[in-house]
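Chains as they are written, first to last, in my numbering: chain A, 277 to 772; chain B, 7 to 151; chain C, -11 to 113.
Think of the hints as simulated: they come from the structure by calculation, not from any bench. A couple of the hints might just be wrong.
[Stated by the list, open to error] Label pairs and their in silico Cβ distance ranges:
1) B/Leu29 to C/Asn61: 45 to 53 Å
2) C/Phe(-8) to A/Ile330: 50 to 58 Å
3) B/Gly115 to C/Phe(-8): 30 to 38 Å
4) C/Ser30 to A/Ile346: 25 to 33 Å
5) C/Thr69 to A/Pro668: 48 to 56 Å
6) A/Leu556 to B/Leu32: 54 to 62 Å
7) B/Leu29 to A/Pro503: 51 to 59 Å
8) B/Val22 to A/Thr334: 57 to 65 Å
9) A/Ile346 to C/Asn58: 13 to 21 Å
10) B/Leu32 to A/Glu550: 51 to 59 Å
11) B/Leu145 to C/Ser30: 41 to 49 Å
12) C/Asn58 to A/Asp685: 53 to 61 Å
13) C/Ala53 to B/Leu61: 41 to 49 Å
Glycine included, each C-beta is placed from N, C-alpha and C at the ideal position.
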Amino acid sequence: MIKNFPVIIPAIYLTAALLIPLLRSRHERYAHSIALSAVFAAALVSINNIYYVINNGTIHYHFGGWTPPIGIEYVLDPLSAFVVFVINSVVFFILIHAVKVNAIELHSKEIPYYSVVMLMMLGFNGMIMTGDFFNLFVFLEISSLSVYGLMAMGDRGSAFASFRYLLLGTIGASFFLLGLGFLYMVSGSLNMSDLKEIIPLLSNSPVLIIALTLMVTGVGIKMAVFPLHGWLPDAYTLASSSTSALIAAIGTKVSAYVMIRILFFVFGVEYVTEIFPVTLVLGWLGAAGIIYGSILAIAQKEMKSMLAYSSVAQIGYITLGISMANPLGFIGAVLHIINHAFMKGALFLVAANLRIRTGHSDISRLHKVCAKKMPVTMACFTVAAISMIGLPPVAGFFSKWYLVLGAVDNRQWIFMGVILLSSLLNAVYFFRIIENVYIKSSDSDEEMKSCTLAEDEPGFSMIGPLVLFAMTLLLLGLFNVYIVNNIILLMMPPGL
Amino acid sequence: MNRIDESPIVLIVCRVLSPFIMLFGLYIIAHGHYSPGGGFQGGAMLAAGLLIIRLALGTTLSELHFRRAWGLPAGVMGVLIFFAIGLVTMFMGGEFLNYEYFIIPGITGAMLRSMTILLVEVGVGLAVMGIIVSIYDDLMDGKGN
Amino acid sequence: MEFFLGHYAYWFIIVLLCIGLYTIMFKRNLVKKLIGLSIFQSSIILFWVSSASKWNATVPIYDSAYSIENTANYINPLPHTLMLTAIVVGVATLGVAFALFVLVYKRFKILNEDVIIQEMKSESE
């Protein structure tokens, strides 16, 4: 039983994804219950996986009994167990919130919605745990197709935004496949641990340079690194509320994990920094993305598009942390993966609450009656905003702290300046909302009245997850030393 | 424009060809574990056999051939067959889809692996057929007459 | 000359890839962009399949005339099987894209990118 741990989570999601479409349309409420219990079971199993892997070491699971490099394997080492835990727990909180939101926004489409959500989780979990590159491509496409389908279930222009994301995402995955083709031609193996042995023998080959470039470009498109981020603002803004929360919180993080795997665990730190310095390019692109995302976020009038550009900036942080290629930068990048997943999840849930209660999420139309009518929502928004800006003791401060220390370690003063400047820019656009909500009184009477729709605070299922997110951010901040010492230090790639 | 009145040649040729296309599709599935062929390819041929009737006769008449409501359950059943075989091998002590551990009464060794691959291919072919036909039906949405 | 004639497969793949990317970038109709995407994916599948071939080797099905001990007699079957999966992924992508087209058409009544972007901008103001 123990050796089966890696397969349990995808098996749970596949079972749920197969059971939900068989429900009759009268039993729509059961769709949500099946989905929620599947995610809950997966989250518990992922906690168990982390304990087991930290105490007993890496698990290798050989599919079909064939040993690698002939067969496909799943590798559960501290990094993959950690990211699996992050995405399953974030999706658990978001799905608790989603029951009322989807009953209002997506009324009769709940059965297809939840089964596609289960397929998306299957894709993401498989992508994280796999140890074989072609298996990674297959799960990447499974999760991407599910996201295209989820995004189209909305209104206004969401189907068009989903089509643009389909074009760009498929081009990205195809570049990844092309790079993988070059890698396979020159090395003969597709298994990650096998490639780690073979690549040092091939250091002078120009084919490896092409392979690395194409694979990093392909994964960069899915991860929304600065010049390749064009699909992200429209996609996050126009999708329905809980879909935005789901894909914003986990979609790009999983691609960031894939980038870490390719750069540090397969090609090796020495190849990526000295023989062919991809990390230099990634560093500058990350810094440019941070500044670009923050400045454009200030210019947005609507909360969801502001959060989308802010996501571009946060992905820039993770890219910058990866590019530093030293222990502190790595810790900063991994911590930022978990922090940003929780922070963006919380922020998009706040936007969803605002949309459900007031019908819009424009920033200029918020005013202090909203704070009186939705005190808990706005309090959680403030906690998440403080974390995004990077003030102690909330979680965001510590990941930025490690990133700054990593930049100082590398003597890259420009990057240190970029990180500090962007905290100031983040403060500008978050304080704008906090000022509108707590201080500004409205210009017109209709706006004051429009905030008195229905009940005052949304029901428990809509504020419960927000409170959980806020508490988790506080806990992540207070206990971050424990997390860094006991989990993240174990997942350091060799040679760092 | 009523499709049925358009051309008797198209009508007759499609009606005659469709069972042969589906038979060929079954042939491709059955050869998958031993020679070129397999689940995906055979499933696509089976779907082609069904779609040619939908294109020639229109949606109302093709309900008699393969009902619209059977598409999605066929797909889900196919994936369930694949998944159930994997789970059975897991419960019998091996890893997921380790064909050595599957139970077919009376066969062992390489023959067991062969036959289990055949079952898995049948599941995959059924799934591919069901999904392609249900995609076509959803796109047409009753407008195919 | 050897550079062109010896590697003609790769030149063909490069031409297909450029045609695909050009179509995705510069055509205004959404269906034409999808056709470009399909051409692009086909070129990558062709690349993998062409990497499997060997001189004087036959199809990888056991043939009693060629000894099975010497693997240079049979071409490499692994890229072919991997590309079967990639073709299915491409078909699934086409299926999702067609469903998206139906939704976009219902909403905007036209499948031209410029007109749709214009309408979306005027909606959000």
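Failing hints, ascending? 1, 3 and 11
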